[in-house]
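> Sequence:
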Amino acid sequence: MKNTKNVIVIGLLGFALSVNTSFAQKKPVALKKQVTKAVKSVGDLIPNDPDVRIGRLANGLTYY
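Here my numbering is used: position 35 in the sequence shown is 35, and no number is missing along the way.
The hints are simulated quantities; they were obtained by calculation from the structure and are not laboratory data. Heads up, some of the hints might be wrong.
Derived Cβ-Cβ restraints for the label pairs, each shown as a range [stated by the list, open to error]:
# : residue 1 : residue 2 : range
1 : Lys-37    : Asn-59    : 26 to 32 Å
2 : Val-29    : Asn-3     : 44 to 50 Å
3 : Phe-15    : Lys-37    : 55 to 61 Å
Ideal Cβ placement from N, Cα and C applies to all residues, glycine included.
Take these sequences, add in the hints, and give me the full structure.
Written out as structure tokens, the structure reads:
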């Protein structure tokens with residue numbers, strides 16, 4: 001009876017120690033975001049092709 005009790009206690013102790021370490025994880029570190037400058041218009045980045053027709057529909061959708 002004493003041997004069975006020791007086996008159960010050792011088993012429960014081992015289980016308790018293994019469960020506690022699984023919750024000891026580090027929280028992720030938030031990375032700093034780089035600030036980017038806003039571009040005034042798309043034309044500043046890429047020039048428009050004169051052969052492409054650009055327009056805006058009544059609902060605000062731009063087509064090329």
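> Please go over all the hints and tell whether each is borne out by the structure.
Hints, one by one, checked against the model:
1. Lys-37 / Asn-59: 26 to 32 Å: holds (30 Å)
2. Val-29 / Asn-3: 44 to 50 Å: holds (49 Å)
3. Phe-15 / Lys-37: 55 to 61 Å: holds (56 Å)
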